[in-house]
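Sequence lines, in order, name chains Y and V.
If you're matching positions, the first sequence starts at 1 in my numbering and goes up one per residue.
If you're matching positions, the second sequence starts at 1 in my numbering and goes up one per residue.
Keep in mind that the hints were calculated from the coordinates and are not lab data.
Here the structure is a predicted model, which means the values were calculated and not measured.
Errors might be hidden in some of the hints.
To be verified - Cross-link-like lysine to any residue pairs, in silico, SDA-like; alpha carbons within 20 Å at most:
#, chain 1, residue 1, chain 2, residue 2
1, V, K25, Y, K385
2, Y, K22, Y, E64
3, V, K25, Y, D402
4, Y, K385, Y, E395
5, V, K51, V, E39
6, V, K25, Y, K22
7, V, K25, Y, I408
8, Y, K385, Y, R406
What the hints assert, rightly or not - Computed Cβ-Cβ distance ranges for the label pairs, DEER-style:
#, chain 1, residue 1, chain 2, residue 2, range
9, Y, G251, V, Q6, 53 to 61 Å
10, Y, V396, V, R9, 17 to 25 Å
11, Y, R38, V, Q7, 22 to 30 Å
12, Y, Q30, V, I55, 46 to 54 Å
13, V, M1, Y, A100, 52 to 60 Å
14, Y, D273, V, R9, 32 to 40 Å
15, V, Q6, Y, S322, 20 to 28 Å
For every residue, glycine included, the Cβ atom is placed at its ideal position computed from N, Cα and C.
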Amino acid sequence: MEDSELAYLSAAEQGRLIRSRKLSPVELVQHSLARIERYDPVLRAYITVCAEAALAAAREAETEIGRGRYRGPLHGLPFGVKDQLCTRGIKTTLGSRIFADHIPDHDATVITRLRNAGAILIGKENLHEFGKGGTHVFYHGQPRNPWDIARTPSSSSSGSGIAPAAGFSSGSIGEDTGGSIRGPAAANGVVGLRPTFGRVSRHGGLMYAWTADTLGPLTRTVEDNALFLQAIAGYDERDPLTSRREVPAYGAALGKDLKGMRLVVVREMTWPDGVHPEVRAAMESAIEVLRSLGATVGEISLPWAKHAIPLGMLTSDADVASMYVPLLRSRWAEFDAGTRSRMATAAMVPAAVYSRAMRARAVVRNQILAAFDRYDALLCSTSLKPAGLIDEAREVVRSAADMAQRIILRRISTHPFGVANVPTLAVPAGFTQAGLPLSLQIAGKPFAEATVYRVGHAYEQATPWHTRHPALAETTRAARVIENGVTS
Amino acid sequence: MNLTAQQAREMAHLIGLDIPEADLKVVALRLASLLTAMEAIERELGPLMDKTEPIPPVFPQEPAD
Chain Y
1 MEDSELAYLS
11 AAEQGRLIRS
21 RKLSPVELVQ
31 HSLARIERYD
41 PVLRAYITVC
51 AEAALAAARE
61 AETEIGRGRY
71 RGPLHGLPFG
81 VKDQLCTRGI
91 KTTLGSRIFA
101 DHIPDHDATV
111 ITRLRNAGAI
121 LIGKENLHEF
131 GKGGTHVFYH
141 GQPRNPWDIA
151 RTPSSSSSGS
161 GIAPAAGFSS
171 GSIGEDTGGS
181 IRGPAAANGV
191 VGLRPTFGRV
201 SRHGGLMYAW
211 TADTLGPLTR
221 TVEDNALFLQ
231 AIAGYDERDP
241 LTSRREVPAY
251 GAALGKDLKG
261 MRLVVVREMT
271 WPDGVHPEVR
281 AAMESAIEVL
291 RSLGATVGEI
301 SLPWAKHAIP
311 LGMLTSDADV
321 ASMYVPLLRS
331 RWAEFDAGTR
341 SRMATAAMVP
351 AAVYSRAMRA
361 RAVVRNQILA
371 AFDRYDALLC
381 STSLKPAGLI
391 DEAREVVRSA
401 ADMAQRIILR
411 RISTHPFGVA
421 NVPTLAVPAG
431 FTQAGLPLSL
441 QIAGKPFAEA
451 TVYRVGHAYE
461 QATPWHTRHP
471 ALAETTRAAR
481 VIENGVTS
Chain V
1 MNLTAQQARE
11 MAHLIGLDIP
21 EADLKVVALR
31 LASLLTAMEA
41 IERELGPLMD
51 KTEPIPPVFP
61 QEPAD
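Kindly produce the complete structure, drawing on both the sequences and the hints.
Listed below in structure tokens is the structure:
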């Protein structure tokens, strides 16, 4: 099997090979580590690579499986987590200089559950500082898009999107408040799920937007995504806001056609001013594919969805900022310039405005939820534009126009579903002529992860997008060119 | 809404933040933009907001199947 062939197999296929003992967990982890060593100095998906521990766990998995103790489809597979999730004895930096040497004494619940499923932690993934989008300068290295290293891998679970796209791991766990899983999934050409709030435990995640933060998987295929969610979903006594609802068998939703399904495109989140023509064309094409699979696809107006971005910033950002005010007082200069200005702004939101914004969030959410009375899933593109150049994508604010374009409009496709706290899946939906990934977003009613997987899987299997992967050897060559100063 | 750097400085002082001049304009611009957006939301949704409690949209407030 060729180098990239193994790396780009789906996690499900890697798991099947391990189960049938045609592939050793040690071989797979060594293969992942070799790719990380070769390409990650350019892509910067990881802040910490747990090479020795991962190899030890792989040997243990190999022994277990050899003795007939196979734990399930993730046994022996390498995964990474956004470096916002606590790992016992392993640095958890939040992408910040301030926490550069922070070593927790416990694992996040999702990590414990993946380890119990036999998966192997291979590293901690790079992110926008404190998980807030808008970092200007990355203290732990600039993450780069594997499809074009001059471009952003999006925010804020940047490394969690790069890693599965580059074949560094079988999957990642990212964190999504307003789009931080779905944005990197779109930019890097992988599948990303923001689960329903309460479906996955937040215990051990260092994130403080307590009414919107969710943890979810980023993977190369929809089936892989369902496998990872299956392992991490469910009630956790250490997170009082997790649901006690039974976790369904997500795999059972896959492989079905879409006959009788009622889908609807959200006009304001799909066709606003400023949508890139290739994004528009990909969306139109995706709608036709979904119709050909038996679904009806209509269009709906949700005019209040646009309010989700400022409302998220007036509330969830304020929740986060409240936890960092002491550090902002004492270590201002050690924060990234983008992070500190965003947090200071949120810290200054008057309490009365915060309370009114929470009321408005409920109103906006109710409008979105009402749409599920008539439709099984809502659709829109995941991003209005393909991944931008790193320098141009920085959220530098010099004017009210910058605030509108760089901060507000950019988030129109993802924030409303975050504010509504509904499960939302981003799936690859084509490429630009320049070879940059495009993405379709599918949202369901609360706890309807199986529905969004069903739609996403049917679409994925009817299209070739998930079979394309970045050519990292060319990436390395391009990086050498940059190092030599031939281009910038 | 206009928010001057001086007003932003004074608001920051209320919570013990001493924001350097170089960052103050950005913070003022960001906050003014968000408060302006909130004014527009109040105009459009205010009466509905008055009748809607600010319950966080988290479990167990999720609707049943």
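Structure-based check of all given hints:
{"no.": "1", "hint": "V:K25 to Y:K385", "in the structure": "29 Å, violated"}
{"no.": "2", "hint": "Y:K22 to Y:E64", "in the structure": "15 Å, holds"}
{"no.": "3", "hint": "V:K25 to Y:D402", "in the structure": "13 Å, holds"}
{"no.": "4", "hint": "Y:K385 to Y:E395", "in the structure": "15 Å, holds"}
{"no.": "5", "hint": "V:K51 to V:E39", "in the structure": "18 Å, holds"}
{"no.": "6", "hint": "V:K25 to Y:K22", "in the structure": "61 Å, violated"}
{"no.": "7", "hint": "V:K25 to Y:I408", "in the structure": "18 Å, holds"}
{"no.": "8", "hint": "Y:K385 to Y:R406", "in the structure": "12 Å, holds"}
{"no.": "9", "hint": "Y:G251 to V:Q6: 53 to 61 Å", "in the structure": "60 Å, holds"}
{"no.": "10", "hint": "Y:V396 to V:R9: 17 to 25 Å", "in the structure": "21 Å, holds"}
{"no.": "11", "hint": "Y:R38 to V:Q7: 22 to 30 Å", "in the structure": "53 Å, violated"}
{"no.": "12", "hint": "Y:Q30 to V:I55: 46 to 54 Å", "in the structure": "51 Å, holds"}
{"no.": "13", "hint": "V:M1 to Y:A100: 52 to 60 Å", "in the structure": "38 Å, violated"}
{"no.": "14", "hint": "Y:D273 to V:R9: 32 to 40 Å", "in the structure": "35 Å, holds"}
{"no.": "15", "hint": "V:Q6 to Y:S322: 20 to 28 Å", "in the structure": "24 Å, holds"}
Violation of the numbered hints given earlier is confined to hints 1, 6, 11 and 13; the remaining hints are satisfied by the structure.
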